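*Asks:* If you read the sequences in order, they're chains A and B.
Count the first sequence with the numbering used here and you get residues 1 to 263, in order.
Count the second sequence with the numbering used here and you get residues 264 to 497, in order.
Bear in mind the hints are in silico, worked out from the structure with no lab data behind them.
Predicted, not measured: the structure shown is a model, and the values here were computed from it.
Just to be clear, a hint being listed does not mean it is correct.
As the list claims (entries may be wrong) - Now the stretches of chain A that chain B is said to cover, found in silico as 3 or more residues with beta-carbon under 8 angstroms:
#, region
1, 152-161
2, 192-199
3, 228-242
4, 250-260
All C-beta atoms in this analysis are idealised placements derived from N, C-alpha and C, irrespective of residue type, glycine included.
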Amino acid sequence: MNSPAQMSIRLLSTPLRFSGAHIFSALVVCAVLYSFGSPSANAQNRVSKRFPVGKNVRVELKNISGTITVESWNRDEIKITAALETPNANVYPKLMGECVSIDVMGDNRGRGDVGDVNFKIQVPQDSSVDIETRRGDITVSNIRGGLVRAHISTEGDIKLIDISATQVLAQNTIGDIHFDGGFSRGGTYQFQSTKGNISVRIPSDSAFRLVAAAPTKKIALGEFWHNGFKTLGDGRKFVGDVGDGRSSVMVTTFQGSITFIRR
Amino acid sequence: MNCEKCQELMGDLVDGGLSREDKSTLSLHLEECLACADVRNDLQSIVAFCRSHRGEYSAPPNAEGLWLRIRNVIEAEMQPASKASAARQQGKSFWSGLMSRSWELSMPQLAASAAAIVLVVSLGTTVGLRRWDSARGTGPVALSPRAEAATRVSDRMWQQQQAINYWNQRVETNKVRWNQGMRDTFDRNLKVIDQAVNDSLNELNRDPHDEVSEEMLNAALNEKLALLREFSDL
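Let's have the full structure, built from the sequences with the hints guiding it.
*Replies:* Below, the structure is given as structure tokens:
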């Protein structure tokens, strides 16, 4: 009878033979295990929350860094989904009356780097949306509420698609701004970028008073241009009415272009 | 007779220069008034002593020199007071003379005087206005429109700069807590805004009245301020 020591010696001295298929399978298994076990994948936490709300609800989000997408859906509730780059970040959506508030800035103040938090927010179509972040793209689509505000302190593109709000504010430092929607009577619309192109796509029958300024002189009003526009600063600024001028539109870019496109 | 009148006549009484009438009146008073009688007695004693010892006093060695010194001292003390009073007296006399003087003018003289007054006033006004205008042109308050516009911009820049410095300090304090990516992003964006500020300033240096550049400068400074304020919380 062999002792355990003798068995171990025999096992170690026996040569092992692997086919190519075995080796390939082993590599695939290792890769899958590695990808699941990597820190980055492990740290990607998710926060998801739903709030039943009425029609005229307001969503306020103050983020630090990350992409933000807001879109409408046919439900009287708000769904917030946040993907956290690191588990350190605190994300506590709160419902206060008819306002859902997410303050990543306030909830993580003094906690150092909390990484990106990427949001996807689904809201009723008549909601007002007020979003600000230090960095990252913002996309808002299909909103018909009173206010749509998208503010990026530094860099990130802003896309506002199918928007019909009475007040729209979009501002960033580096990045493009694209607005696709309509101007309501008596509404105010402001788009400002320091280094980015601004494009405004609106129906041809839009009526508004426009103040457009770009030191680069790259202002293209397309079909909305007419001789009644007042040109200031040697073509760096245009002021004039389109239609009855009932809504107020202000577009400013320091180092980019302004383009108006017929929808 | 009263005591005052009596003492006025006392000297003449002792010298024997009074009329008979004054002497009798004075004698009646001296009989009734003991005080005045004592004064008469003292005065008669002094005069009698002087007369009896006449020629016995010794004169000073240089009498003329002594008098000269005394007179110099008296004149030195009297001179300032007399000069001031003389000046006052002269001024007073000029104005009082002018005011008290009566003028008699014929119609041609009156017309000529009126014309002269109008001419003098007109000349004075013209010269005064010219001097005032020239003072405005060279004084520190008056600035050309170009300089005024430049001053306005620089004042606003200075005010904004104070606020920017304050928030910048706060940002620098907190910056160490940010990750490298956020620091790079902030610096990159601040550079872009500074570029916008400088572009506007360059335009304003070329044309201080350029309203578009002024607006852009204002907007860029506000944006810089907003960026610093927001990142000071991070």
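*Asks:* Hints first: check each against the structure and report whether it holds.
*Replies:* For each hint, the structure was consulted:
no.	hint	result
1	152-161	holds (count 3)
2	192-199	holds (count 3)
3	228-242	holds (count 4)
4	250-260	holds (count 3)
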